[in-house]
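Asks: Whole structure, please, built from the sequences with the hints as guidance.
Numbering (this note's numbering), first residue to last: 7 to 631.
The list that follows gives simulated cross-link-like pairs (lysine to aspartate or glutamate, DMTMM-like), each with its CA atoms no further than 25 Å apart:
id	residue 1	residue 2
1	Lys120	Glu272
2	Lys125	Glu272
3	Lys576	Asp618
4	Lys125	Glu340
5	Lys204	Glu272
6	Lys120	Asp206
7	Lys37	Asp206
8	Lys120	Asp207
9	Lys204	Asp339
10	Lys475	Glu425
11	Lys125	Asp339
12	Lys336	Glu272
13	Lys570	Asp237
14	Lys273	Glu340
15	Lys204	Glu340
16	Lys120	Glu208
17	Lys570	Glu522
18	Lys125	Asp207
19	Lys576	Glu527
20	Lys576	Asp237
21	Lys576	Glu533
Label-pair restraints from in silico Cβ distances:
id	residue 1	residue 2	range
22	Phe329	Gly517	38 to 46 Å
23	Glu551	Ala324	52 to 60 Å
24	Leu373	Val561	38 to 46 Å
25	Phe327	Val561	44 to 52 Å
26	Thr528	Val575	14 to 22 Å
27	Lys336	Leu427	39 to 47 Å
28	Leu169	Gly389	23 to 31 Å
29	Phe473	Leu443	21 to 29 Å
30	Ala369	Phe332	18 to 26 Å
31	Val32	Asp339	22 to 30 Å
32	Phe574	Leu443	33 to 41 Å
To be clear, the hints were calculated from the coordinates, so they are not data collected in a lab. Yeah, the Cβ is synthetic: ideal placement off N, Cα and C, and Gly gets one too.
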Amino acid sequence: MLADIGYFALVIAFIVSLYAVVAAGVGSWQKRPLFIASARNATIATFPLLLLAGSSMIGLLLIGDFSVEYVWRVSSLETPTILKITALWGGQAGSLLFWNMLMAGFLAAAMLRKWGEEKLFMPYVIMVGSFTQLFFLGLSAFIENPFARLDFVPPDGNGLSPLLRHPGMIIHPPMLYLGFIGFIVPYIFAMAALISGKLDDEWIRTTRRWTLVAWLFLSLGLILGGRWAYDVLGWGGYWGWDPVENASLMPWLSGTAFLHSVMIQEKRNMFKMWNMFLIILTYCLVILGTFIVRTGVISSVHSFARSDIGPFFFGFIAFMFIFSAFWVSKRRDELSSTNHLTSFLSREAAFLYNNFVILAILAIVFLFTYYPIISELITNEKGFVGPTVYEQALAPLFGVLLLLMGVAPLTMWYRTSIERLQMSLRWPVVATAVFTLLLFVLGIRSVGALIGLFIVSFAALLTLLEFWKGTRARMGRGENAWQAFSNLLARNRRRYGGYWIHMGVIVMGFGVIGVEIFQQETQIRLEQGESLSLGSYTMVFNGVERYAGPDDLVVTEATVDVMKNGRFVKTIHPTIELYTRTQQPMTIPDLRATISEDFYVLLVNWEPTTADAATFRAFLNPMIN
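Replies: This is the structure in structure tokens:
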């Protein structure tokens, strides 16, 4: 019954979305407001229909109706309740349904907002937004039906993939989906501006918060994904340049460029064509990223199994790209900016340089990600680009980006004199150089590390000085230090909020240098009572215990005492988890974490015949936190 209700709601949502596209098109073409209002109502109605479909699927998962193929694939009788709920996005068909539900919610929210001068956009927002929704609903309803039934009723299900049982997987996929879908909203408003010919800044002002919220969700999703990889994949790192990781990073990069660039359009009425290009690029990368995850066209630990929806995705991406390019070409005269760069040393220029560097990073990531496909098409052999190649190619560009992050706030609008910039930079350069020299004296000899630490320290100092200068100016008006700082942030949220984010990126820069350059690693076989040393840490192997866990889980758990500089600090328990139903082993690390470093240990292998010997892999990850 629930499956029938869910599928009925899904098909009706498809029909309603189709109606919204047609009604909005007819209403705008024939200037009939009633049709447009009807299309708006249809767009809003899609959300409760998909909420009903999603709730039906959750109900099927909770009661364990294994006659539904999706429930059988991702759940079992012993699956914990919370994991039954999160199994909604644990497989191809369910995650498409979840994606549709979230997208319908975003479109409904856009329809329910208070429309002012931008009401002219409404029919075109409905057409483009509902057409995108229609594509994904078509996949869900007719290609990857989550409510499809089996010919028989199995007594139990397969259970959720062990990789997806980590707590981070409860919120990591929803955060990514919210970020991806959130960027669709500014795109549809941009297309509405192009189609309507209303190409002032209204569409940018309307979508500013949508863009920022989407960017924040996508950022959080990337961070949580890195944490999941660190906790579950067992290779001692947080980012492996996996194709699916890159598929999420690329729209984040173009979205970051867009967030910076639109400020110049608002302030100086420049970069209109550029901003349109960036938001179209972001939309295409969102769809392309979804294509990578859902088709398995590039091998990835994160992607779903290969499916037959690839050609549909490819056709949709091609159509939307051609559609967008047509309207940009048609409106190219209106997209020409009334103002132009007056100096290559100005704040506008600094923002443009920032965009160029970000897009250079994006281009390299794109090329390396799709290199397996490109090489297979050209040579008939599937190539591979490893993490080391990414790091060597991208490290200089990230360094330039951090420098721009620190220097750009010192520039002025229109024009900045070289003398003024030199005066602003003189003492920060000297202070950072002295700090870097001190690091050299203290024993750091890696040229790459010294250059990297100079750059991130320089950017950090310049950013902190911006906070100090603003606070000091307010203190000059009689405010105490705390009042001055609080009011500075409260009354200049956009500017100093950006600086806070810059500081977060800079702190991450310190962490990346620490773990990528100074990470230490060793692997050794130990018998009970033996130890290994790594840096200032020593670990003593005290034995292995095997026991049964919930949901067909068998746990092999080692007990390890960790000492630092000869002093006991913690007992840790790295494990190997085996789900007997799927015979899929998971190597789960344990660690001793501090703000300055992690001592990270994996149980690689246990010899059950002796019971007293095991192989361990240990990492010392400086500054990773």
